[in-house]
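**Q** What follows is each chain in one-letter form.
Number of protein chains: 2
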Amino acid sequence: MIAFIQHSGNANFRYATNLEVEHAYHVFSIHETGLKVAEELNLVVVPDLERERAKAESRAEEVLTYSDLGYYERMRRNSEYPLGESLLSLLQQKGVDRVAVPEDFPAKLALFLKSRLPLEVMKNPFSERRAVKSEEEVEKIRESCLAAVEAFKFVLRFIEKSLNRGRKRTCEELRSLVELRLFSRGFLAENTIMASGIKTHQPHWTGYGELKGHLIADIFPKSREHGYFGDFTRTVVIPELGESGEIVDMLRACIEAKNRAEQMVKPGILARDIHCEVCDVLESYGYDTLRKNGKEGFIHATGHGVGLEVHEEPKIFENDDVIKEGMVFTVEPGLYYKKCGGVRVEDTLVVRRNGAEILTPCEDFVVL
Amino acid sequence: MIAFIQHSGNANFRYATNLEVEHAYHVFSIHETGLKVAEELNLVVVPDLERERAKAESRAEEVLTYSDLGYYERMRRNSEYPLGESLLSLLQQKGVDRVAVPEDFPAKLALFLKSRLPLEVMKNPFSERRAVKSEEEVEKIRESCLAAVEAFKFVLRFIEKSLNRGRKRTCEELRSLVELRLFSRGFLAENTIMASGIKTHQPHWTGYGELKGHLIADIFPKSREHGYFGDFTRTVVIPELGESGEIVDMLRACIEAKNRAEQMVKPGILARDIHCEVCDVLESYGYDTLRKNGKEGFIHATGHGVGLEVHEEPKIFENDDVIKEGMVFTVEPGLYYKKCGGVRVEDTLVVRRNGAEILTPCEDFVVL
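Protein sequence lines, in the order shown, are assigned to chains B and P.
Last residue of the first sequence: number 367 in numbering that gives the first Met the number 0, and the count goes up by one each step with no gaps.
Last residue of the second sequence: number 367 in numbering that gives the first Met the number 0, and the count goes up by one each step with no gaps.
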């Protein structure tokens, strides 16, 4: 029997077992051919203090604890690697003769098991499964997306009022406001980007200092109830604070690229086709892209899946992933130049039979 | 030259590089003898879009990006494992002839490198370094500890008022209140335990439903500014809601165990001595412990280090770690029985030359 082992502390484990615990392992059987989950084995190993909770909450058929596996006795006997030996003896007892582990499986345990049993690194079967969302999952992601849009509109009103009253605001203030707003509504947003000024040429700069002529607001809250993310970005132009014509041109190009890419989304096309569309549009306006070895311009991927992680499958880049109905991902063209700063627009969408349904409904070009 | 490689997305990487990025690698040279960091090599590899941020913020001497390593060309040539090959060629170019990786290093990359270069799994040199805190770090942890205590007192006053007004409260309400309070003060608390009733016999049950005769409040906020945690637990006895004599006896035993253990803390003693003291006290009152193969009673470790992670080194259990001046850890005896529920008391402390300094000052026995 081939057993796949995954470790806790990541979204695949949570998705597969319904458990959020530390130091736990999920062992399940897979078919010879690889990625398909088989029926024989589906168990979790958890620390003893999680026994009851795991029995109550987990989807696995069997819950074992470290002491069931003889971990503590091995520890007391000073055996060399109590965890590895305990898991190995469990596998042997269950009739496992081959093991597969995911790419991010801890190296120490992988190398130990490989020294005793044939072991392969395989793509986690749940990564791919997670890329296609159930209707229930789409609704959870929609909730987080709408919360992001609401928080964006909330901060827009705040900036507007501040402008009317002649009050200066900082990126830090805006970020605090958005994050507290979201938290009080049941969402956790961290590292929210509220970035203004020339330093926006760094795509992941979260933003500090005074609000200037344009603001990148990139908000990706996670529901504190169910754990699903939403992801949303708009660039706000603020003429009163001195926006530049260059920024407005870049923003218009990104909006066109986003909309053209979104319009072509449907089941069956390739991720790279979407990414190429974005690059084509941006290059048609003379901007640089990564595929032309640009060090500035469009220097990241077009998008990424959104779900229990804010970045998950599918990647929308130069890869050949086939887009499927039910996938949820972002489309987020951006342009970044040291001489004037950066802009980005981003939607999260779900792939329907006939095209994309946008989960982050909001106007593209926002001027205050 | 021996190079140690660590991956991003964990506290060691952040501690060593001062960077919070995804998909990044830190390569540094170590001495032949293992755990000591050497001078020759100290570089980070980051995605292209993080180049500027990494140059500005990182402690590494050299910042390289995926495209500097030829990653994108390899991807376009459909080479089998662009990341592995890119890192390997970097290592070869830098004159690295042996590699070490931490226990939790991703298996795929570890196995690939091991097929090309001698590779060993080693303890991350930064795990141990992080266990001993600088005075600056202690002050950051103290901040988070005091925030936890403040939030606890805040929720106590809320419960008191509710009792006076004859209003029933739920664990969920109390958790929301504590977490929102902390968030608005700059701290993130997740999975805060506000657990009441018989189900408190599960140590990590976060608590649902009506407040009953005793409440376990376990609060572990992280500063949203600097990322350091605090960790603090008290069990509140609420006679008006019908606490049981059994629970009060268990709580008194835990308080005695905690205080006796804290009193023996000083540089030079072993983690296991502290844990044994806790077990001795609890067993002297007839309670079960894990070391006596109890399935109930004291079924977890005595404590754990606190810092950039809420659980880090040193572990205070049956291990022989030597306690050093500057270590910060918890002491948290608990007792859990299906028939009546659980209790726990927990302080975070820093080891000073002459003994423990408690970072979570609060009375032990709390009755409402």
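Hints were generated in silico from the structure; no laboratory data involved.
Just to be clear, a hint being listed does not mean it is correct.
No copy is singled out in the list; a pair is fine if it fits within one copy or between any two copies.
Said to hold, decoys possible - Cut-off 30 angstroms, straight-line C-alpha distance, at most; resulting in silico cross-link-like pairs (DSSO-like, lysine-lysine): (1) K93 / K198; (2) K211 / K337; (3) K139 / K160; (4) K54 / K291; (5) K93 / K54; (6) K122 / K198; (7) K54 / K338; (8) K93 / K294; (9) K221 / K198; (10) K314 / K139; (11) K198 / K152; (12) K139 / K221; (13) K323 / K221; (14) K167 / K337; (15) K337 / K54; (16) K221 / K152; (17) K198 / K291; (18) K211 / K323.
The model shown is predicted, which means the values in this text are computed figures rather than measured ones.
**Q** Flag every earlier hint the structure violates by its number, smallest first.
**A** The structure conflicts with hints 1, 3, 6, 18, although it agrees with all the remaining ones.
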